[in-house]
Amino acid sequence: MSQTLQTPDAHRHALRVRVAKRAQAEAIGIDEDFVSDMVERFYASIREDELLGPIFAERIDEWPPHLSRMKQFWRSILHNSGDFSGNPMVKHIAIPGLTERHFSRWLELFYANLHQMNLDARAVQLVGDRARMIADSLLTGISVQRDGIGGAIERKDLPHV
Numbered sequence: 000m001s002q003t004l005q006t007p008d009a010h011r012h013a014l015r016v017r018v019a020k021r022a023q024a025e026a027i028g029i030d031e032d033f034v035s036d037m038v039e040r041f042y043a044s045i046r047e048d049e050l051l052g053p054i055f056a057e058r059i060d061e062w063p064p065h066l067s068r069m070k071q072f073w074r075s076i077l078h079n080s081g082d083f084s085g086n087p088m089v090k091h092i093a094i095p096g097l098t099e100r101h102f103s104r105w106l107e108l109f110y111a112n113l114h115q116m117n118l119d120a121r122a123v124q125l126v127g128d129r130a131r132m133i134a135d136s137l138l139t140g141i142s143v144q145r146d147g148i149g150g151a152i153e154r155k156d157l158p159h160v
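FYI, numbering that gives the first Met the number 0 numbers position 50 of the sequence shown as 49, with every residue one higher than the one before it.
Honestly, the hints are just simulated from the structure, not real lab data. Don't be surprised by glycine CBs; every beta carbon is placed ideally from N, CA and C.
Here are the computed distance ranges between Cβ atoms for each label pair:
(1) Ala111 - Asp60: 24 to 34 Å
(2) Leu14 - Gln124: 24 to 34 Å
(3) Phe83 - Glu49: 27 to 37 Å
(4) Asp8 - Arg145: 34 to 44 Å
(5) Arg58 - Ser84: 12 to 22 Å
(6) Ala13 - Arg145: 27 to 37 Å
(7) Asp82 - Gln144: 22 to 32 Å
(8) Ile59 - Val16: 26 to 36 Å
With a straight-line cut-off of 20 Å between C-alpha atoms, the simulated EDC-like cross-links for lysine to aspartate or glutamate are:
(9) Lys90 - Glu57
(10) Lys70 - Asp60
(11) Lys70 - Glu31
(12) Lys70 - Asp30
(13) Lys70 - Glu39
Taking the hints into account, I'd like the entire structure generated from these sequences.
Here it is in structure tokens:
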């Protein structure tokens, strides 16, 4: 029998973990309204940014579908919702010239957005840590794709929340 099939107990456990993760996030203000507001605000700042705005403008013709997709992504990250399916790595690898500078700027805008939202400090830390993890993962994947295994270095210079 395949190891990838979930037993009913494993499925129940996964569901309990998902529910607990969402409850913990919501207890510090990270609910669906927060995710929606965060995504809307953040991508408004991205579109105005001199460095990142043009990169997004070249790739996104219609913002409402993109924002909806980003809300699914962040609900999956912050609530373990399972809403998102896709491969962000492939999308980012396909963008020529992305460097640590771009991801650092992305994080700076992300953190500024979080701090403007008047959140519980635990929420800022949790969401900020997740954003940094995502930036580091994408940058590492891009570096490995371009430079081979030597590109897999820890990104100590990426900003922290």
